[in-house]
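**Q** The chain contents come next:
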Amino acid sequence: MKGLRDLLADAVPELPEVDRVAEVGRRVRRRRRARGVVATGLVVALTAGALAGAQLFGSVREENPVATPPPIVIVPTLDCPAEVQHKPPRQGTEGPVADESAVNALLCVYGGPPGAYYRAEIRHDIATVVRAMNDLSAEYPYPYKVDGCRAIGLAHYAIVFGYPDGTRHQVRVDLNCGTLFRDDVIRFGDITRPVEVFAAIVRADGGEPPYLPGDR
Amino acid sequence: MRSDPGSPEGFAEFVAERSDSLVRAAWLLTGDEHKAEDLVQVALVRLWERWSKVDEPGAYARRVLYTTYVTWWRRRWRAETPSAAVPDTVTRDDVAGDAVVRLAVRARLARLSSRQRAVVVLRYFEDCSVEEAARALGCSTGSIKTHTSRALAVLREDAVLRTLMEEGVVL
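So the sequence lines, in the order shown, correspond to chains H and P. The opening position of the first sequence corresponds to residue 1 in my numbering, with each subsequent residue numbered one higher. The opening position of the second sequence corresponds to residue 1001 in my numbering, with each subsequent residue numbered one higher.
The following block holds chain H by itself, in its conformation from the complex (with noise of 0.2 Å):
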């Protein structure tokens, strides 16, 4: 008697032989050479802007203008808020919420006692994150006006973002009122999303993010 399994497996054609090791090699070769090219980068850029600011100030140092700059990568130190902050319903300000060439990122959670009862952080994949929350809607949602939240007592979560340039941008998750924000930068729709992208890959490295309400 046949099953679904072989129903399944009856379904895959006959897929080419590929050196898949092999393959795995030149990914692998690429992304440090990506990578390089990035760190390269930035140091070139940080390399012309202290030179420009120097020369801007007249105290270029001539003595020795062949040094090589030791590489530099900001990754800033990132903390959850110690407060969860609510948002009500409303037309946001214009702009995304975050911009995809942050270099870190923290997961925090918030519900019962205070303060972010588990947090994570992940130091690559962040613009999938980012752009999860750039695609939600600005758009209000609603045919009439909201004033309060009434989902009390669901999660709340924070997203903190750091840059290169080490600034650090905090987005909320508030599930109470239904909003995704950035000081008065809204968006609407389905809002966990990010935070599902988020612990996803949190979980795909290894770590146990707590689920989300509605993924029980």
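The set of hints was computed from the structure by calculation and includes no laboratory data. The beta-carbon is built from N, C-alpha and C at its ideal position, and this holds for glycine as well. Take the hints with a grain of salt, since some may be wrong.
Said to hold, decoys possible - Derived Cβ-Cβ restraints for the label pairs, each shown as a range:
no. : chain 1 : residue 1 : chain 2 : residue 2 : range
1   : P       : ALA1153   : H       : ALA9      : 17 to 27 Å
2   : P       : ALA1016   : H       : ASP99     : 36 to 46 Å
3   : H       : GLY95     : P       : SER1052   : 38 to 48 Å
4   : P       : THR1146   : H       : TYR117    : 19 to 29 Å
5   : H       : PRO96     : P       : ARG1150   : 27 to 37 Å
6   : P       : ALA1159   : H       : ASP99     : 47 to 57 Å
Starting from the known structure of chain H, fit chain P onto it as the hints suggest.
**A** The following block gives chain P in isolation, referenced to the frame of chain H:
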């Protein structure tokens, strides 16, 4: 340690032994040979980077494969559309034809959500338990059961597959 894959103890052997089944599972997820290869490569590269720290490489590669598919593939490949080429009614002769069944299975898989499709492949192609599937997808066992039930309902809607059920195929 050399910098090219194949040098850490066992990685090349792991790829040789497991990548075929990974790529077949990836094909069932994506329905496309190139996307399947790409998905498997993402999982293998991630595995290679953590090879010395991972206790169960098979489980780790599977987790990366499925979570990557569910979280990223939906957006990147959502242009995929279900095939309308499958007949609504079938005869016994048609059912006997592997091609018809193959098309029916593929068309029904394409109608599933990414998470339902992942659950079907995990549970019924990879023979994972509910708990193993939950670990691979990073969700609860209740979520797996719900997706399984809904996915099977979608599969059973197909005339070809329904006929197979009547013929005794377990579905």
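**Q** Does each hint fit the structure? Answer for all of them.
**A** For each hint, the structure was consulted:
no.	hint	in the structure
1	P:ALA1153 / H:ALA9: 17 to 27 Å	holds, 22 Å
2	P:ALA1016 / H:ASP99: 36 to 46 Å	holds, 42 Å
3	H:GLY95 / P:SER1052: 38 to 48 Å	holds, 43 Å
4	P:THR1146 / H:TYR117: 19 to 29 Å	holds, 27 Å
5	H:PRO96 / P:ARG1150: 27 to 37 Å	holds, 35 Å
6	P:ALA1159 / H:ASP99: 47 to 57 Å	holds, 50 Å
Every hint, counting from the list given before, is met by this structure.
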